[in-house]
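**Student:** Given next are the chains, with one letter for each unit.
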Amino acid sequence: MLYSIRNSVVIILFFLFAVSLVAQTDWQRWEKIQPDYLKPSYPTERNFSYTKSDLPYLLSKTLINTYWIFISDLDGDNCPFHPSCSSFFLESIEETNLIQGSLMFFDRFTRDSNPVNREEHYPVYKNYRFYDPPKLYTLSKEKIQIIPPHTVVE
Amino acid sequence: MLRFFLTILFSVTAVAQTNPLKSDENRKLFADYLYCQQDYLRAAEEYESLSKTKLSDTILYKIGKSYSIIGNTDKALNYFSSIQSNSSLLKNAVLEEARIFYITEDSYSLNKIVNDVDTSSIELKKILIAFYLKTNLLNNVNNGLFLFNDDDIIRLKIFYERRKNPTYKSEVIAGVLSAIIPGSGKIYTENYGDGITAFILTGIFSYLAYDNFKHPHQFRAYLFSGLAAGFYLGNIYGSVASAQIFNAKVDFNFLNDLTEFLLSKNYFINEIDFCK
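Going down the list, the protein sequences come from chains A and B. Using the numbering used here, the first residue of the first sequence is number 2, and each one after it goes up by one. Using the numbering used here, the first residue of the second sequence is number 3, and each one after it goes up by one.
To be clear, the hints were calculated from the coordinates, so they are not data collected in a lab. Because the structure is a prediction, the values reported are computed rather than measured. C-beta: ideal position from N, C-alpha, C; glycine also. Treat each hint with caution, since some may be false.
Covered stretches of chain A (chain B as the covering partner; in silico rule of three or more C-beta atoms under 8 Å from a C-beta of chain B) [as the list claims (entries may be wrong)]:
id, stretch
1, 95-108
2, 140-146
Residues of chain B placed beyond 12 Å of chain A at every Cβ, according to the derived structure [to be verified]:
id, residue
3, 5
4, 53
5, 74
6, 88
7, 104
8, 157
9, 162
10, 173
11, 183
12, 196
13, 211
14, 224
15, 242
16, 270
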C-alpha cells in the first residue's frame, strides 16, 4: 500500500515538474516588446549591370547608368513615381523599342512635371510612390490593367 | 501498481464508450453554431462528418452555401446539385449554382440551367442578362430576356444601354488634337493637368529653340529643338495611350457598378436565414 502511494506521488510529481517546465516557456508570450512605429523603407535598388547586348539597349543603359552615377545619386531619390523616370525609360525600351520607348519617356516626363491631382489618378506602390508601369503605355490594349487610385500595390 | 493502471485504463475506456460528444446530434448542433458564427469551412467539415442518413436537403444546402462562400466552387456545385428535385430549397440551390457560373464565367452551364433546368425563373434570366453584359455579348441580350418590367430589369436595361453606347474617347481624335495643339488630346481624355503641362513644356522648349536660332547659339538651338520635338511627339503618343487607358477605365467602372448592383441584390437570391 505504502509502495503504491509512493509511486503515485512520484508520477504526480513528475507530471507537475513536466508541466511546470513547459509553463515556464510561456513567459515569451508576455514579454515586453519594443514596438517600431516607423514605416518600412524601400530604398531604390539599382542594377548597373548589362543584361542584353543589342545596340539600343547598350546605348540607353549607358546613358541611364551615367545619369544614375553622376546626377541622380547626388541629387537624391526624388522621383514621385514607381518605377522612377530613368527606370521607366529603360523598361520602356525593353518592352518596345528605342523610338517608342523614348516617346513613352517624354510622355512620362510630362506626367512627372504635372504636380496637380496625382493622387486621384494613380495607385500607390508599397514604397509610397505613384505606381505607373510602362505596360500601360505600350498601345497594346491587352496589357492595360486598371488599378483604382489609392490602391496599394505590393 | 498494476491495479492502479488497470483502474485508470478501465475508467478511461468506460468514459470513452459513453462519451456522446461526437454523436451526430452534437456534431450537427456544433456545425449549426459554426455556420451561424460564419466559420464556414469548419461548419462544412462538421456537416460532412455526419452519417449519410442525417444529410437532409437543408444540411446539403448549408454545406454548398459554406463552400460557395469560401470560394470552393467545385464542392459547392456538387452539394447544390445533390439536393432533391422536390425540395423547397431547390430554387435557391439553382440560383446559387447560377451565381457560381456567373462568377466563373461558365457560359455553357449558365445557359443550360436557364434553358433546361428552370425555364420559368425570372431571377435566372436576370443573372443571364447580367452575364451577357459582363462578357459584352450584347447580341445575346435579345428582347425575350427583357420581357418583364420590374425594378431590376429597368436597372439592367440602363446597364445594357451603358454597355451598348460606352462613353469611349477616340484614340485618333486624341492624337490629332495633340498634333494641332500640344496637350489638347490629354485634355480631351480628361487628363487636364497633364494636358496643360504638355502645352507649357512644348511651348517653353520651342520658344528656347526659336530664341537660340535667332541668336547665334547653334548647339543650344538644336538641343532645345530636339527636346521640343521629343515633348511634342511624346505628347501625341501619350494622348493616344491616354485615350486607351480612359476607355479601359470606362469598362472597368462599368463592371464595378454591375458587380455592386448584383451584390446589392444578392444575385437575385432570397437568402434563407438559418440562424434565427
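**Student:** Next step is simple, just say for each hint if it's right about the structure.
**Tutor:** Results of checking the hints against the structure:
| no. | hint | verdict |
| --- | --- | --- |
| 1 | 95-108 | holds (count 7) |
| 2 | 140-146 | holds (count 3) |
| 3 | 5 | 8 Å, violated |
| 4 | 53 | 38 Å, holds |
| 5 | 74 | 25 Å, holds |
| 6 | 88 | 47 Å, holds |
| 7 | 104 | 21 Å, holds |
| 8 | 157 | 23 Å, holds |
| 9 | 162 | 22 Å, holds |
| 10 | 173 | 9 Å, violated |
| 11 | 183 | 14 Å, holds |
| 12 | 196 | 5 Å, violated |
| 13 | 211 | 15 Å, holds |
| 14 | 224 | 17 Å, holds |
| 15 | 242 | 6 Å, violated |
| 16 | 270 | 27 Å, holds |
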